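K.L.:
Below are the chains, spelled out letter by letter.
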Amino acid sequence: MTDLKRTVLFDLHGELGGKMVPFAGYEMPVQYPMGVMKEHLFTRAHAGLFDVSHMGQILMTAKSGRVEDAALALERLVPVDILGLKEGRQRYALFTNDTGGIQDDLMVANRGDHLFLVVNAACKEADFAHLKAHVGADCDIGMVEDRALVALQGPEAATALARLVPDVVEMAFMDVAIRHWDSAELWISRSGYTGEDGFEISVPNKFAESFVRRLLGMEEVAPIGLGARDSLRLEAGMCLYGHDIDEGTSPVEGNLTWAIQKARRAGGAREGGFPGAGRILKELAEGPPRRRVGLRPKGRAPMREGIEVYAAAEGGDPIGKITSGGFGPSIEAPMAMAYLPADLSDGATVYGEVRGKRLPAVISPMPFQPNRYKR
Amino acid sequence: MKYTEDHEWLRVEGDHVVVGITDHASEQLGDVVFVELPEPGTSVSKGEEIVVIESVKAASDIAAPLDGEIVEVNSDVADNPGMVNEDPTGKAWFFKMKVADLSALDGLMDEAAYKEMIG
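Residue numbers (this note's numbering), protein chains in the order written: chain Z, 1 to 375; chain W, 1 to 119.
So here's chain W without its partners, still in its complex pose (with noise of 0.2 angstroms):
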């Protein structure tokens, strides 16, 4: 898995990328309680924030980790945001995108790098 300053984790699947926030994301916000995800098909860059969250204490976004087109998100999270707090690396990923140039993920950190960032 690869990580952003913004605490998103991102897993390679095929050709996709899978995008979701992690655990010490999930602890900072508090139980979760409304997630709005981006239309499927939708072209993003870098930067731009895509996700919103809203957790019982405050909303926070979440940007787009790298540039390219959203696939798929996971509709079961915005039904069910609670899920954010209960697997925030597994169940509950936010979306699939199709990122346009795959090399890009080198020049984001690592476990290691990011446990370090987190303390």
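With the rest of the complex left out, here is chain Z (with noise of 0.2 angstroms):
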């Protein structure tokens, strides 16, 4: 594992017992001792702490100096209404390609005189390409090389980030905001990727461990490795990209229709104006030829990803394509994600095909698993 990246939390998770295995481009836990199951449920009962450092953070200035300037210039990139966004607030955003697939997820907070993008670690070399290449002339474009990223998730969450920086129990839901803890200065959203309330903290890499281990010494926190953080969102419904949205699903087909504002859409103050708007107005006037559902199998075994849905239990060809399936240690239940045709409702019966076999799954509505956020 020569050619992978480490962050700067490596020797804390060697430290710490984690089994590290390579994940975009990273050396990353995907468990500690605990295992997958007991960090998941740690999760959801108290607060985990997950190393999101190889996530990208980018900084996105106009050149104006105005913070408007720089949101309809990002408005360019995404279907989503970016100059609404209040200062002290994130959102959800998708960069989405000419053909109106997706290139990536995101967040987007507005910081008062710029934007702050958290993307995908597998996607950011791209995405910063992509931004500079299309708004480079009116915006600067800075990727953050010093900082660490660290969640900290779950319902004791506050309790516990509230020991170093007291006022994080007045954020709401999708706020952001810099506090300081000692001298290091942090970039806080109350917001995560597991459904349950909690935060993502960017925090100067030399600070970067002192700060976890603070975290860690208290008795609500345990470290907690990506294999969680995918069934956690999973349960949650939420994307995983490269997975569940692709280059080749669009945001309306992705079931992300509530990330494109009414500013966006046909009729809307900005209509139109990012790429593959064409096709994302179209589907969404007129429904998508498919889209992502929730499936609950009717069995104990898993479906997982690659696995092909039939709408009978004999004969036919193959409606669609499980995304993500698993096992959900909080519902007790596997669950999946699939693209089938979007005359299938909530409540169909459907066949995935598991070992040769085609097993019983309904149509369920997402989350799995009830969200938590404080709103």
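What the hints contain is simulated information worked out from the structure, not anything from laboratory work.
As the structure is a computational prediction, the values presented were derived from the model and not from experiment.
Ideal Cβ positions, reconstructed from N, Cα and C, are used throughout, including at glycine.
Errors might be hidden in some of the hints.
To be verified - Cut-off 25 angstroms, straight-line C-alpha distance, at most; resulting in silico cross-link-like pairs (DMTMM-like, lysine to aspartate or glutamate):
| no. | chain 1 | residue 1 | chain 2 | residue 2 |
| --- | --- | --- | --- | --- |
| 1 | Z | K282 | Z | E353 |
| 2 | Z | K357 | W | E39 |
| 3 | W | K57 | Z | D246 |
To be verified - Estimated spans, in silico, between C-beta atoms of each pair:
| no. | chain 1 | residue 1 | chain 2 | residue 2 | range |
| --- | --- | --- | --- | --- | --- |
| 4 | W | D61 | Z | R270 | 29 to 39 angstroms |
| 5 | W | G82 | Z | R89 | 56 to 66 angstroms |
| 6 | W | K115 | Z | E145 | 38 to 48 angstroms |
| 7 | Z | D343 | W | K98 | 28 to 38 angstroms |
| 8 | Z | R375 | W | T89 | 42 to 52 angstroms |
| 9 | W | K98 | Z | P367 | 46 to 56 angstroms |
| 10 | W | E48 | Z | E145 | 50 to 60 angstroms |
| 11 | Z | E145 | W | D23 | 40 to 50 angstroms |
| 12 | Z | M143 | W | N80 | 27 to 37 angstroms |
As the list claims (entries may be wrong) - Output of the computed footprint for chain W on chain Z, the stretches with three or more beta carbons under 8 angstroms from beta carbons of chain W:
| no. | segment |
| --- | --- |
| 13 | 323-329 |
| 14 | 336-349 |
Hey, can you piece these two chains together into the complex? The hints should help.
P.N.:
Printed below as a string of structure tokens:
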């Protein structure tokens, strides 16, 4: 694994007994000695600490100095209302491509005089180049290289973090703030990717280990690996880029229309004007041919990524494919996401072909596990 | 007990052989969430994949360690797959089989050889 990159917390993962695997070009902990199942349940009961330093942190500042200009520039690349995003707030967004597919999904925060973006590890170089190429004339784009990113997720996350930064308890879901811990400047958002209340905290590299050690010293907090991160996000109905959404799936097919605000839709103040708007606006108006749905297999057998889905127990061609699937420790049952014809609705039974046998699964609303954000 | 290279253990019980997976295999698999067992009465040949184990991470197969016939399966394991992590060499046995030739066990590893194999 010599060509893999390491986060600044690498040595700490080793000390904590993390089992390291290659992920998006990094050597990352897939689990700690607690194991995936217990780590998952611990996060839902207490507070899980995740190293997500492999993700890209990007600063975007308009050359005019006005955040509105940065917002309008970014709107040329995403079907999202960025201009309407208030200072101190964060929003989910998607980079679309010219054919209406998704190049990456990301978080965008308005920090008063600039935007702060968090993008997927595997896409960060491409996203940076994409921004440079398309909005570089109007904005300075900077990849943040000197900061780690950690997520603290779970019902006890606020209690734990408040011991170091007391006023985080006043933040609401999707608020962002800059706070100090000792002499470290922390960039904090009340968000995450588990369906739980929690925070993502960007911390300067040189303070990262001591900050994380302070949190891990608390009874409510344990380190959690990528394995549980995956089962937590799947229970929460959230997409994993490259699996549940990709360059071929549109945001409408991906069931992410909630991320496209009125201002960017037909008849909106800034209708269209993003890559692939033709296809995306058409699908918003007419409905997509297929859609990402949740599946609950009826038996105990997990239906994993790549499994083909059929309309009937026998015969016929596949009608779709599973894009993520596994076992949900909190719902104590298997769960999956699949792309299926849009005319199938919740409650319909379909069949996943597992080891040559077609097993029934019911199209089910997501999230599978109710989310518990602090609104 | 005897062991296979696929991390199964075999224990002779009268004229039957009880089969499960080792502690090492259970640790490597991680939390087991699903086990599918063969039907009692099935004739199996050595190397044939007859048990499916799914952990939180992935699916894996367990092969028949010897030629023979499945005489009993442990349905407790199918109902409560977590047993495989808790007690893989005890309560979480998978199946009992009648083997065509008990002397075939002599060709399998003993505990010392197995321990050496897993290092």
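K.L.:
Broken hints, numbered, in rising order?
P.N.:
Violated hints: 1, 4, 5, 7, 12, 14; rest satisfied.
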